[in-house]
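Here the sequence shown stands for residues 474 to 594, where the numbers follow the working numbering.
Treat the hints with caution; some may be incorrect.
Here are the in silico distance ranges between beta carbons for each label pair [unchecked claim]:
#: 1; residue 1: Arg489; residue 2: Thr580; range: 55 to 61 angstroms
#: 2; residue 1: Thr564; residue 2: Pro542; range: 31 to 37 angstroms
#: 3; residue 1: Asp486; residue 2: Val536; range: 21 to 27 angstroms
#: 4; residue 1: Thr564; residue 2: Gln586; range: 29 to 35 angstroms
If you're looking for bench data, these hints aren't it; they were derived computationally from the structure.
Ideal placement from N, C-alpha and C gives every residue a C-beta, glycine not left out.
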Amino acid sequence: MATGEVAGIGSSDVQRIATVLDILPRLIGAVVAAVAVAGVVVVISIQLGRVVLVGVPLVALGVGPLLRPLERRQRAQRELIGAASSITADTVVGLRVLVELLQAGSTYAELWQAWRQDSGA
474 MATGEVAGIG
484 SSDVQRIATV
494 LDILPRLIGA
504 VVAAVAVAGV
514 VVVISIQLGR
524 VVLVGVPLVA
534 LGVGPLLRPL
544 ERRQRAQREL
554 IGAASSITAD
564 TVVGLRVLVE
574 LLQAGSTYAE
584 LWQAWRQDSG
594 A
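Using the sequences provided together with the hints, build the complete structure.
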């Protein structure tokens, strides 16, 4: 695995953890609110309370399959980001090597000129 891929995966994982930490409190709040509303609605109307108690979990379960295509696209995007990061890292390393070679070339040229002058050639 190239350096760029590791960095891409790492940043994607950090984003996922941040998303979980963002969504988890909202989920807990939504569940508590749904239970509270269901309790109030059951007290007001038993039939309406049953609809809420059955409908909310069904809607929550129905959202899961809708998210699967999004997860597949996110996985593909993560792979593309990893490949782009890898290419970028390789390019930076290649440029660094080229700069070092160019600097070494000028040093070599200076040494060659000094030798030619000293040798009288």
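Quick rundown of the hints versus the structure:
For Arg489 and Thr580, the hinted distance range of 55 to 61 angstroms is not satisfied, since their beta carbons lie about 49 angstroms from each other. The hinted range of 31 to 37 angstroms is satisfied by Thr564 and Pro542, whose Cβ atoms lie roughly 33 angstroms apart. For Asp486 and Val536, the hinted distance range of 21 to 27 angstroms is satisfied, since their beta carbons lie about 23 angstroms from each other. A hinted range of 29 to 35 angstroms holds for the C-beta pair Thr564 and Gln586, which are about 33 angstroms apart.
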